[in-house]
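*Asks:* Below are the chains, spelled out letter by letter.
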Amino acid sequence: MSFHEKSNLAMTAIFVLAYGAYFLAVLPPALAGEASITNVTPLLLGAVIFLVIAGVIAHILIAAAAPKDADAADERDRLIETRAEARAGHVLGGFALLAIALALVGQPVFWIAHAVLGGLVAAEIAKGVFRAVDYRRGV
Amino acid sequence: MARKPSIENRIRELRFHAGEMTQAELGRRVGVTRQTIIAMEQNRYSPSLEAAFKIAHVFGKPLEEVFQYVPPDG
Numbered sequence: 006m007s008f009h010e011k012s013n014l015a016m017t018a019i020f021v022l023a024y025g026a027y028f029l030a031v032l033p034p035a036l037a038g039e040a041s042i043t044n045v046t047p048l049l050l051g052a053v054i055f056l057v058i059a060g061v062i063a064h065i066l067i068a069a070a071a072p073k074d075a076d077a078a079d080e081r082d083r084l085i086e087t088r089a090e091a092r093a094g095h096v097l098g099g100f101a102l103l104a105i106a107l108a109l110v111g112q113p114v115f116w117i118a119h120a121v122l123g124g125l126v127a128a129e130i131a132k133g134v135f136r137a138v139d140y141r142r143g144v
Numbered sequence: 095m096a097r098k099p100s101i102e103n104r105i106r107e108l109r110f111h112a113g114e115m116t117q118a119e120l121g122r123r124v125g126v127t128r129q130t131i132i133a134m135e136q137n138r139y140s141p142s143l144e145a146a147f148k149i150a151h152v153f154g155k156p157l158e159e160v161f162q163y164v165p166p167d168g
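So the protein lines, in turn, are chains G and Y.
Letter by letter, the first sequence follows residues 6 to 144 in our numbering.
Letter by letter, the second sequence follows residues 95 to 168 in our numbering.
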């Protein structure tokens with residue numbers, strides 16, 4: 006496994022953990038009628054801080070395990086990245102349309118903001134899955 | 095399951111005949127990672143034209159002796 010493939014798996018897992026925990030903590034009370042942006046801001050900051058710290062630690066460990074390969078990228082990595090970004094763009098676009106629809110029907114800012122955030126998270130996770138599939142299946 | 099490739103190659107065989115050149119050495123001379131050479135040998139990656147020419151140059155062979163196009167219908 007190349008540095009970029011390991012990095013992709015680690016970051017995808019960290020993304021799922023960070024934002025999975027965030028949405029599990031935020032959505033049930035919001036669906037029960039306590040939707041408030043100010044209430045969830047500390048949780049959102051916590052998810053971002055966890056993402057950054059866990060990402061740095063994961064990359065240090067991956068680089069330490071194979072120092073020669075650290076951050077070496079070539080044409081295959083770039084092709085896989087381009088393909089994954091193109092396909093993940095459809096996921097992001099779908100959530101953007103959802104956010105616009107929520108705004109048009111007058112939903113609270115909380116739900117519009119979370120449709121956008123959900124889109125960014127879902128697109129990033131989808132990108133990670135697309136990359137993982139391309140690395141294993143071939144391009 | 096790996097996709098069916100349209101381009102196959104003899105890289106593994108040519109490495110063997112080139113003094114058992116390592117995948118890392120070939121990758122270094124072509125400018126790709128060892129993992130990309132592995133992916134090519136397993137027919138999981140078809141290289142760019144530039145990388146294909148570089149690989150053929152390393153082995154001192156014409157391009158078509160290293161890479162072969164396989165039409166989709168066999």
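Everything labelled a hint here was simulated from the structure, so no lab data went into it.
Hints are not guaranteed to be accurate.
Claimed, not checked - Straight-line Cα separation of at most 30 Å, DSSO-like style, residue types lysine-lysine; simulated pairs: (1) Y:LYS155 - G:LYS11; (2) G:LYS73 - Y:LYS148; (3) G:LYS73 - G:LYS11.
*Asks:* Could you check the structure against the hints above and give me the numbers of any it violates, in ascending order?
*Replies:* Per hint list: single violation, 1.
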